[in-house]
Amino acid sequence: MYTVLLIESNTLQAAIYTKALTHGGFKVIHVTGAQTAINAADQHIPDIVVLELQLPQHSGIEFLHEFRSYPEWQRIPVMMLTNVPMSSLESIEQPLRRDLGVTCMLYKPRTSLELLVRRTREQLRIL
Amino acid sequence: MRAGSAEAGSEATDLLLSVAEQLKIPLSTIARQAELGRMTGTVCLDDVAAIRVQADAALTLVESYLLGLELLREQTSLLLEPVSVSSMLADIAHDLYRYARQYGVELELHIAGKYEPVMAHPRGLRAVLLSLGYTLIEARAAQEGDKRRPVLTLASHRSAHGIIAGLYGEYSDLHAAQWHRALELCGRARQPFAALSAGSAAGLFVADTILQAMDTRLRVGRYLKQSGLGMTLSPSQQLSFV
Chain D
1 MYTVLLIESN TLQAAIYTKA LTHGGFKVIH VTGAQTAINA ADQHIPDIVV LELQLPQHSG
61 IEFLHEFRSY PEWQRIPVMM LTNVPMSSLE SIEQPLRRDL GVTCMLYKPR TSLELLVRRT
121 REQLRIL
Chain X
1 MRAGSAEAGS EATDLLLSVA EQLKIPLSTI ARQAELGRMT GTVCLDDVAA IRVQADAALT
61 LVESYLLGLE LLREQTSLLL EPVSVSSMLA DIAHDLYRYA RQYGVELELH IAGKYEPVMA
121 HPRGLRAVLL SLGYTLIEAR AAQEGDKRRP VLTLASHRSA HGIIAGLYGE YSDLHAAQWH
181 RALELCGRAR QPFAALSAGS AAGLFVADTI LQAMDTRLRV GRYLKQSGLG MTLSPSQQLS
241 FV
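Line by line, the protein sequences are chains D and X.
As numbered in the numbering used here, residues 1 to 127 make up the first sequence, in order.
As numbered in the numbering used here, residues 1 to 242 make up the second sequence, in order.
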C-alpha cells in the first residue's frame, strides 16, 4: 500500500481528503504543519506528498526547501493542493517544478476528490 | 469619525477580498463533504452535521461582514447599551460548541468573576465574538506539536481600563506586532496573520471593524499563560451605582 503524507492545516478538510484517499487504496499520514511533516517523513518515508502551500508559521515553500535538502527525499513526488489560485502562482511555477520538484499543482476549490485520487495514482504510476 | 470616505472605501475593499478568500474554505469543505458521501456510498448524520456547521460558519462570516461594511460606509458609532459579558460569552460558547467539536477543539468558559455590565452593542459584540471564535478554533486545531486535545478558553477578566472579553489558547509566537502588521496586510496578503492562521483570517478583521464602531479594538492579549485576542469594554457606570 502506498503512503501519502498529507500536509493540510485545516483539520476538517484533511479528514475529508484522508477518507477519500483511504477509499482510493492509500495509507494516509496527516500533519498540520511543516515541522511535523519533516518529523513524520523522517519516521515513515512517504511515497508521495500532498501539500497545501498556506500553512501557519512555516509555509509550504519553506517545507519544500527543507524536504528537498535531504538526498533520500529528493525523488518523492510532491503534489500541491492549495487554496492559492494557479494564476497567482504563474511567476513561481517554474522554480516550484524545476527546483523544488513539485510534480502536480491543483487548485483546491476546483479539485474534486475523484480528481485528487486520480492524480495521486498518476503521480505514482498506478494503473 | 474613524476614516475619510476614500480610506473607508479602501478598507471595505480589503475586507471584501479577505472575506472572499476566507469563504473558499467552508464552501469547498461543504462541496467535498457532499462528494465524499457519493464517493464512498455512505452518508451518515455526522457528515450532514459537518455540512450544516460549515454553512453556519460561512453565513455568520457574511452577516458579520455586512454589519462591518454598513458601519464603514456610514462612518457612525454603534449605540451602546449595558450588556452582561458573562452571559454573552456563555451564549457564544454554546453557539460555537458544534463547530469546535468538528475541529476536535475543547471550549472552556471562564466567567467566574462578578463583573458589572459593560457598554456594548449586543448584536455587534455577538458578531465580534462569533467571528473571533470561528477563526481561533480553526487556528487552534492547526497548531503543531500539541499531542493533547486543543483547548480554547473564552474568558472575561478585569484590567485597569475595563473588562476584557477574549478567546485564548496555546498559540505559539503570538505578539501584538504581528497583529498590527496583519491589520496592514488585510486584503493584500493571502496569509496576513501567518503566526496564527493559514488563511486570510477574515473573521478577525471583520471583528476589529465592528469593534471600532464601539470605540474599542481587537488586541493580542494573555490570560492564564495562554495567548489570544480580546477587547476592552467599558463598564456601565449607570448600573454600577444601582
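Treat each hint with caution, since some may be false.
Stated by the list, open to error - Below, a list of computed lysine-lysine pairs in the DSS-like style, where the Cα atoms sit at most 25 Å apart:
| id | chain 1 | residue 1 | chain 2 | residue 2 |
| --- | --- | --- | --- | --- |
| 1 | X | Lys114 | X | Lys225 |
| 2 | X | Lys147 | D | Lys19 |
| 3 | X | Lys147 | D | Lys27 |
| 4 | X | Lys24 | D | Lys19 |
Simulated from the structure, these hints should not be mistaken for lab results.
Hints and how they fare:
1. Between the alpha carbons of X/Lys114 and X/Lys225 the distance comes to roughly 22 Å, so the proposed pair stays at or under 25 Å and holds.
2. Under the criterion of a C-alpha separation no larger than 25 Å, the hint pairing X/Lys147 with D/Lys19 is consistent with the structure, at around 22 Å.
3. Distance restraint check for X/Lys147 and D/Lys27: the Cα-Cα separation of roughly 21 Å lies within the 25 Å cut-off, and the hinted pair is therefore satisfied.
4. A distance of roughly 20 Å separates the Cα atoms of X/Lys24 and D/Lys19; the hinted pair therefore holds under the 25 Å criterion.
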